[in-house]
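Q: Just so you know, the protein sequences line up as chains P, A and W, in that order. Yeah, the first sequence ends on 293 if you go by the numbering used here, and it's all consecutive. Yeah, the second sequence ends on 321 if you go by the numbering used here, and it's all consecutive. Yeah, the third sequence ends on 244 if you go by the numbering used here, and it's all consecutive.
In case anyone wonders, no lab produced these hints; they're calculated from the structure. Check each hint, because a few of them may be wrong.
What the hints assert, rightly or not - Pulled a few chain A residues facing chain W out of the computed Cβ check, cut under 10 Å:
#, residue
1, A165
2, N200
3, R203
Just so you know, even glycine gets a beta-carbon here, dropped at the ideal spot from N, CA and C.
Each chain, written out:
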Amino acid sequence: MDLGPHLLLALLEGCVAAFVLAVTALGLSLVFGVMRIVNVAHGEFFMLGAVIAWWITSLVPDAPFWGFMLALVGAPLAVGAIAVAADALVLRRLNYQPEATIVATIGLLYILQQLVLSIYGPDARPVVAPIQFRIVFPWFGYSGYKLVAVGAASLLLLAAWYGVTRTKFGLIMRATQFDRETAQAFGVPVKRVYAAVFALGAMLAAVAGVLVVPLQQAHYLMGLDPLLLSFIVVIIGGLDSLKGTLIAAFVIGISDGIISVFFSPTLAKIIATLAVALVLVFMPNGLFGGKAR
Amino acid sequence: MTGADKRLRVLALHGGLVLVLFALQFLLPDYDHTNFTSIMVLATYAMGYNILVGYTGLLSLGHAMFFAAGLYGAGMGVYYFALHPVLAFVIGSSAGLILAALIGLIALRTTGVAFMIVTMMFAQAAFLVTLYFNDVTHGDEGLTLTQAARGFDLLGWHVDLTNPALRYNLALSLFTGALVLCLALVRSPIGRVLIAIRENEERTRMLGYDARHYKLLALSLSGLLSGAAGAAYVLFFGYVGSSFAAIQYSIYPLLWVLLGGVGTVVGPIIGTLLMFYLIEISRDHMSSYMIVVGIMLVLLVLWFPKGIAGTIRARWWGWIP
Amino acid sequence: MTFLSTQALTRSFGGIHAVAGIDLDLRQGEIRAIIGPNGAGKTTFVSMISGRVEPSSGAILFEGEDITALRPWDRVLRGIVYTFQITSVFRNLSCFDNVALSVQRSLSKGRAIWYRPDPAEVTAAVDSALHRVGLLTRSAELAGELSYGHQRLLEVAMGLALQPKLLILDEPTQGLSEQEIADFCSLVKEIAAGATILLIEHKMDVVMELAHRITVMNNGTLLAEGSPDEIMANLDVQRAYLGT
Ligand SMILES: Nc1ncnc2c1ncn2[C@@H]1O[C@H](COP(=O)(O)OP(=O)(O)OP(=O)(O)O)[C@@H](O)[C@H]1O
Ligand SMILES: [Mg+2]
Chain P
1 MDLGPHLLLA
11 LLEGCVAAFV
21 LAVTALGLSL
31 VFGVMRIVNV
41 AHGEFFMLGA
51 VIAWWITSLV
61 PDAPFWGFML
71 ALVGAPLAVG
81 AIAVAADALV
91 LRRLNYQPEA
101 TIVATIGLLY
111 ILQQLVLSIY
121 GPDARPVVAP
131 IQFRIVFPWF
141 GYSGYKLVAV
151 GAASLLLLAA
161 WYGVTRTKFG
171 LIMRATQFDR
181 ETAQAFGVPV
191 KRVYAAVFAL
201 GAMLAAVAGV
211 LVVPLQQAHY
221 LMGLDPLLLS
231 FIVVIIGGLD
241 SLKGTLIAAF
251 VIGISDGIIS
261 VFFSPTLAKI
271 IATLAVALVL
281 VFMPNGLFGG
291 KAR
Chain A
1 MTGADKRLRV
11 LALHGGLVLV
21 LFALQFLLPD
31 YDHTNFTSIM
41 VLATYAMGYN
51 ILVGYTGLLS
61 LGHAMFFAAG
71 LYGAGMGVYY
81 FALHPVLAFV
91 IGSSAGLILA
101 ALIGLIALRT
111 TGVAFMIVTM
121 MFAQAAFLVT
131 LYFNDVTHGD
141 EGLTLTQAAR
151 GFDLLGWHVD
161 LTNPALRYNL
171 ALSLFTGALV
181 LCLALVRSPI
191 GRVLIAIREN
201 EERTRMLGYD
211 ARHYKLLALS
221 LSGLLSGAAG
231 AAYVLFFGYV
241 GSSFAAIQYS
251 IYPLLWVLLG
261 GVGTVVGPII
271 GTLLMFYLIE
281 ISRDHMSSYM
291 IVVGIMLVLL
301 VLWFPKGIAG
311 TIRARWWGWI
321 P
Chain W
1 MTFLSTQALT
11 RSFGGIHAVA
21 GIDLDLRQGE
31 IRAIIGPNGA
41 GKTTFVSMIS
51 GRVEPSSGAI
61 LFEGEDITAL
71 RPWDRVLRGI
81 VYTFQITSVF
91 RNLSCFDNVA
101 LSVQRSLSKG
111 RAIWYRPDPA
121 EVTAAVDSAL
131 HRVGLLTRSA
141 ELAGELSYGH
151 QRLLEVAMGL
161 ALQPKLLILD
171 EPTQGLSEQE
181 IADFCSLVKE
191 IAAGATILLI
201 EHKMDVVMEL
211 AHRITVMNNG
221 TLLAEGSPDE
231 IMANLDVQRA
241 YLGT
């Protein structure tokens, strides 16, 4: 294959990665932005989305399309419920103290991951894509499902953007983010907002997991990569900036796709993690974030 | 309680601990004998971790890189250059120290959550480096040191690091050395300033202390002990692989120290000992044994943040350093 | 040469001009009081002198040298010492250890980080500082368990033990009893024999007893400056400060 088609393939792959990553990272960014906590278990919500999707689709083996649709609704709901429980049982009791919360979510990471290992087992299991057509380019064929996934992800992103900027809940969320005490004084039910935001963040990760599972297989360790990538995106994009998060997701998703086609993915990850550490130290507002608060 | 009285108790507690560990080698069955050797080495790692978190209040999520620096520094020295094990130990320990100092120059510009994430990212990069240079490190498969490479002659004696009794006592010496260092540190003027930084960094600065120097010193010492523990581990057990650099090995010392008691000198060994056996026992019963790590972390932050020695200090023995 | 002088010293927080261009000159050995209503910018002003807060603009000269860019810990070593308005003692350490931190700092001036001052000398200096503020008997108690007024005195002891040339006291008598205030006033006079003192104080009787000169601040600006008698006679001051 020539360079041209090769690059096209890389771009397509990067695009898919970028959209899925944007959805996942948006969840992490919302939780950090509103609650001021870093959720290290975020990747496990992604993994749970994929694993639950496998379970739901395996219940209806004869109707892959409807099974998948069911998973697309059921998996995020189940994950959201788990997140609400985690918030009530653990995070709220810690009063969201930042350091203690990180340690607790590390604990949560192991608990969820190992529970899945003991119930679901160590195998990677495939989920059949809901639609089965291939787009045929002159040089290679391309899975139509991937483009559908991109479409679904962009719808989600639009919905999330609308939710945050145009709805009452979005307004309440931003008020809480801006000043927790004042919001409380004005009658915002901060506890419930926190629970809702934590669940929403988890559900975004779970949806991303469902969208990815036909491409990637469900496995109990699959949460680690999206976690690291989301961290990278949120930090590079600016901890307080949704727009920055989205821009960074596309830059990193696409460049990761391209770099991975041409270079070693490990090297790409080394460079990215180092870059993130340096950005956090020297430009704590990210490359695309606003100026210091 | 007078100062002399307090000193006597501190001496009795820590001296007693070392004596008990010494006596245990004659009582323990083979299996536990080996376990205690690793526990003493890992407790040294935990003590190194504790210098940073317990005495300056900085929580690192990336100490595996310093531990791994010791493991790879010593391990590759022996494997590729047939270095004398003592020299390899020195190199491994220095690798931990130097890496910590370099990372500190950058990471210590942050505090709190940002420091946790920055150290985690650096450690992740270090872990990936061990995978990327697969040709030299053999990645997950790792390097195995031969028995011959782990022996040397000293004043006419042949020292064989695969000998369990010798290994146990060397591990005990390493542990004792770390214990003495930590005791000396907390009782020293430097220790007093480190504790002050943990309690209130701004106030400490306004007393004329440049906190940056102290934090860098604490992180470097922490890296030194972590590196020394890593170097001892590879020399005693003859294996180093990428898994030692993975995030899990950054979480372990956090867990050990939390359980034993953050900011206490005896806490790390207590936490390491209990967690080691807890994990061993769960491993025998299930494949998803790492769940105990998760459960313990959550339980500790929720209900037992002072840990064992910290609680004893708060309730009964206020004199524990 | 003036001992300390500030030139158009300014600090804004967001839109608030906490301190808006203050020029102040201090003679060596004087006790200068700064008074002014709540929120006048007194704490912000002295915090810039101590280096705890960075100025937005302006300059600070100490013993003829520009120290505007000097880090706070280096200013301490030059003899500028600040005692916090909002008590900021190390609550979980004993009174002894609190003061020992200061003593240790002044005994190891210019030495390497691992220098170990003679423990007997440290103990003697700590005891003497605690004795001067009347807290010697509480040496072993945890600072957090002291009453509020005593925590303020501990702050002063920590400041004293640093052997200051310029000692900044930010409302040191808050929470003290009548008798303790009287003792405190004689202590300040004693300290003034060896150091210059910048005293922020709301209690006018304390100010009148101690101050050689008084500076009045309001809304971040300098409203008046003069001897205690002049200030008492100044109508502007009465309006701004005494609210009459
Ligand atoms: N860190 C800060 N951030 C924002 N605003 C501040 C900060 N510190 C002080 N201010 C504001 O600056 C103004 C001056 O405060 P400052 O504490 O200097 O007053 P003060 O004269 O010491 O008052 P008081 O007598 O109450 O101690 C106030 O309006 C205060 O709200
Ligand atoms: Mg004030």
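Q: Hint by hint, note whether the structure agrees.
A: How the hints compare with the structure:
For A165 (chain A), the suggested interface contact is broken, since its CB lies about 37 Å from the closest CB of chain W, more than 10 Å. Because the closest C-beta pair between N200 (chain A) and chain W is about 6 Å apart, less than 10 Å, the hint holds. Satisfaction of the interface hint for R203 (chain A) is found here, the shortest Cβ-Cβ separation to chain W being roughly 5 Å, below the 10 Å cut-off.
Checked against the numbered hints above, the structure breaks only hint 1 and satisfies the rest.
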